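Colleague: Line by line, the protein sequences are chains A and B. Residues in the first sequence are numbered consecutively from 1, following our numbering. Residues in the second sequence are numbered consecutively from 631, following our numbering.
Hints listed in this document are in silico derivations from the structure and should not be mistaken for laboratory results. Fair warning: there could be bad hints in the mix.
[What the hints assert, rightly or not] No farther apart than 25 Å at their CA atoms in a straight line, the calculated lysine-lysine pairs in the PhoX-like style are these:
(1) 162(A) x 77(A)
(2) 1096(B) x 561(A)
(3) 723(B) x 590(A)
(4) 1154(B) x 1090(B)
(5) 308(A) x 285(A)
(6) 1012(B) x 1090(B)
(7) 729(B) x 455(A)
(8) 757(B) x 775(B)
(9) 712(B) x 561(A)
(10) 121(A) x 45(A)
(11) 1096(B) x 1019(B)
(12) 1154(B) x 561(A)
(13) 169(A) x 233(A)
(14) 561(A) x 507(A)
(15) 839(B) x 793(B)
(16) 590(A) x 839(B)
[To be verified] What the simulated footprint calls covered on chain A by chain B, stretch by stretch (three residues with Cβ under 8 Å from a Cβ of chain B suffice, anywhere in the stretch; the number is not a length):
(17) 148–160
(18) 173–185
(19) 579–588
(20) 596–609
Here the structure is a predicted model, which is why all the values come from computation and not from measurement. Glycine included, each C-beta is placed from N, C-alpha and C at the ideal position.
Residues per chain, in single letters:
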Amino acid sequence: MYRILFWCLVVTLVCTSVGCKNSSSKDKLIPIEDFFVKPEKTNFKISPDGKKIAYLGLEDHCRNIFVLDLVDESRSKQLTYQSDMNVQYFFWVSDSMLVYSNAHSPMDSLRIFSISVSTEKSIALLPTQSTRLRWLSPQISYGNYLLASLNSRDSTVFDLYKIYLDGAKPELVTKNPGNILHWIASPDGKVRLATTSDSVQESILYRASEAEAFKQVAITDYQTLIRPLGYVKNSLTNIYALSNDNRDKLALVEYNTTEGKEERVVYSHDKVDINPSGYSPYLQKLVYSQYIVNNKELHFFDADLAHKFQRLSAQFEKQTLDILDTDTSLNHWIVKVSTDVDAGSIYYYDAETNHITLLSDLNPKLKSMALQPKEPITFQARDGLTLQGYLTYPLGGKRNGLPVVALVHDGPNRRESMDFDAEAQFLANRGYLVFQLNYRGSSGYGKQFWAAGFKEWGGKIQSDIIDGVTWLIHQGIVDKNRVGIMGAGFGGYSALHAATYNSSFYKCAISMSGYTNLFTYFKEIPPYQQPYVRLFHNIIGDPVREADMFKAISPVFHADKVGIPVLFVQGGRDRFSSLTDANQFVQKVKNNNTPIRYIYREDEGRRFRSEENMITYYQEVEDFLAKYLK
Amino acid sequence: MAYNQLKYRKNFGLLIAFVILVTVLFVLAMLFARRVIYNFVETEFNNRKVEVFDQSVQSFNEFFNEKIPEISYYQGFLDSVKAAEFVNDVIRKNAFVEKALFYDIEVTNADSIESGIRYNHLLIYPKRVVDFHLDRENRLVAERKLRSEGKEYDEDFNSMMLKFIAFLDRVNDSTTLSDNDIYRVFYTLNAGKVSYMNIPRVSDLLVYKNMMHSSEAPVVTYEHDLFMFSVNPQKIQIKNIAPNLYERIEVLPIVSGSVSDQRNYWETQLSMPGALSDYKLQYSSSEGFIYKEINRRFFPVSVGISIIYIILILIAYLIYRNAIINSKLFRLQYDFINNLTHEFKTPVSVIKIAGNNIQSAENLSQMEQQMYGKILDQEADKLNSLMNKLLSFAQIENKSIKPNKEEVDVMEFCEPIFDAIKLKYPDMHFTYHVDVQNNMVVDTTLLGSVFQNLIDNAYKYSEVNKRFLHVDVQQNKKNFIVKFTDRGIGINKKEFNSIFKKFYRVKNQFNQQGSIGLGLAFCKEIIDFMGGEIKVDSVQNEGTTFTLLLPLGPKKNKE
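Chain A with its partners taken away, still in its complex shape (with noise of 0.2 Å):
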């Protein structure tokens, strides 16, 4: 009789212990440093031919470029070979030339290369000196020069240039009468368009040949976007380009430079803004638009590219397709797939074979894990306003009473989507319910959408996100002692706000160099940009008028009221906030005995860069939120 009851224990026993070895390998803690992999290959480019790709790969600890021979695999081989210094971008400038520049420190003075792919030879096209450059798009050459701005002058205006791939001096085309912030070149290599902006306003400037004055052809108010994308085929008067002027959501249309006006709106979505991609220099023609609902979507203006596309996205079912670069001919493509819960990869496509090529995964540590998907929710603020969100449900399949991680994207001049998110699958895979809220003044969804956040950083911007908290409370989903806040930058700001002004709500905050003080974030606007400043006055505030507004809704004046526990990460580099500020607000909450756990990376900016510093900041999180959370 106990023989058996024992074996039945036995038996029970090696069940349980192999069913939980089965959950175990499902629900796994993925480790901190899978998730925030660097890629080894980045910036893959194809040649306008459509035989070579050249990508930065690491090399001695540094970026060098690579080039990938598409017809004779044999000649691939390394470009650059460089032990102190880091290839910052590069692009194709002809069919075996690629034009770079590299840098030791992001600071660094700026040092432009011509090289030739198969002679291997480098020709400095610029003496090195410290002023900065803008090249002018498309990054294309007219014949033996490219066209760049440059502001060795005045560094606070950017002169038109011709620079010579020969390594030729310089050449100034025309002097920056000082409002110019771009210069658009026409396909035959003059300038006949530039955008100016005091940033209350912007205007067109046109004329018809470069011995002429420009001449303003257009006036928007700060709000409204004319970005100009490339030449229509043919024409050195009309140009495609991104409007949102008399509409809310930006709209690809065909702009006449002559007279200023509107000539056709060529695709346009009612819900969100158009990106800004799919015209193609080389053959003068829009390809295909590109928008972002949830996921990112393609519109096709050609029916045989649309045809290929199709056929390479059957080979991706349920996954987002996005062009990153193709060749004139349109038949070689680099093409990025991913999808919320893969980091993604990078794959060359032959479509004329109809032929995938790997180049690279993102991030091969997370390819065989369970990720969490994400799911967009839209639910309405407190005044009625649609706001759009996602949310990554936690581990272990639980549906109710949640803890939830409020995580606040940075800007606010952004917004999130349904793109893969290696922070929130960390949180998610810790145990968290991820929420990210495209709150008013994030960007993609129309001009009125973004100008609702306008001098709400402290009021319905954060209202918002407390709404959204209280929907998913209300919907059984969160459980109302569990929520937390975290974010970076303008998130940062937000989980101080939180802490500072809602401890009742929330019931920790963790700020990734989140502004103490809007006083100091407005003082890194440099006075000299007066269109910026005045932008900000628009989006913020006014610091001398509105000291009151900007003095309620500074944490630092307020730290005394912090009443939950604070993960606070400063980076030493962060010019955004000053550390004094950061000291004070530390100080301040220390005072008051109230938790606060303050990370300072002397070395580092708004973003932790180095993998050491990074992972270090998400181990204080996932201890902070255990602790705090749980």
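The hints should help you fit chain B onto chain A, whose structure is shown.
Modeller: Only chain B this time, still in chain A's reference frame:
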């Protein structure tokens, strides 16, 4: 045999030495305790000044460490209206801030002609100087100061800016603002003045430096705020948290010496921090004040010591009393032996004489033979009864015998005794009255001897012509009450308690011999032994009443 050696030895010298020692210790302890407390108070007087100091300058420290850095939060964006709000808050909360000067500073590389500090291309000048203070009606007054108004505004400004520019010169890409830099550059502490300029971000400093050295930098203007607070240390509110130690605490100029050289004042001082440094806190207390404090603290200690002292003295007294009682007891026992010897001696000597007489007589007549026989018989009886008495007393006292209890009718018990009394003392006027319903349960022999004893006493201690005795036997609900009332010499009230003690004898002429001081003690032992009680009541020269309370027995059978 030396008489002395037989005496009980009472060594009072030892006791006196003990008392003296304890008293000396008591005095020493008191003196020492007072000394310790004096030193303690003295130390405290010197030490607690720090606490008073901390409490008093706390508001200044809060102002200095918390309120002033707040200026930096505004990052130079303060204008004179906002500055007025800020100053209003500061000046009303902190009485010691008398005046605040607000310099709205511009840092520019423009070629303006404003007077200020110019270093290479960098010009720093106060765009506006506003003086804030409270007027008599406690309103905040803002007065704009013009450039022409005296050098005093410039001086502070210039010295501060020179420091700032010197610092700018040292700034480079890798500069981080250490606390030390911040304190040295952005604060200036002079006597009575705290100046503070908002701390710019390091990137701003780099911009300034660039503006300073490069002529090509775009013309820009940055704003800064500089505040200069005039501080009056004498308006600092002193928080005397030890009012029993410090009679007076004042803020005095640091140079002011001791006002009086009188020795009867205790004084100590602490210099004030930072901007208040030309003043000090002066603490003083009169000696009388301090002594009051010392005494206040000394009181509980002295009470404690006194209690210990009193306990020790009490112990000494108890030892003394014990010695006295023992000595009395010793004397009583000594007397007892004396009496007993005497008591035994008489019959023994009579027997000896009778024996001698018989021996020496050549022949004894019938009469003589009978007489001697009778004498010998009587004296032997006497000795026997004496010894019985001693023996039974000892037995009863040691509880080595058991009462032989039996139920008897009270009358039956009393009558033989009373009849015998009448025969024994025919010259005594004896009456009795018995009124009981119950029988008694007693050891008749023992109770008989109690009766005998009390009757004998009544006879013995009465004048010849006053020999009366009345015995009254009654009962109440609980007890029999037996009263022996005589008209004898009576007993002094003081001796009521003593007469029942062993070997105690009342000293009077009736008591010269034949008593060993055991009779009443014996009676009491027996009555106690039987669960009863014996009491005495007497008036001297008028008579004595002994009352016996005895437990009731069962009801008499009424036939």
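Colleague: Any hints this thing doesn't respect? Which numbers, in order?
Modeller: The structure breaks hints 1, 2, 7, 11, 12, 13, 16, 18, 20; every other hint is satisfied.
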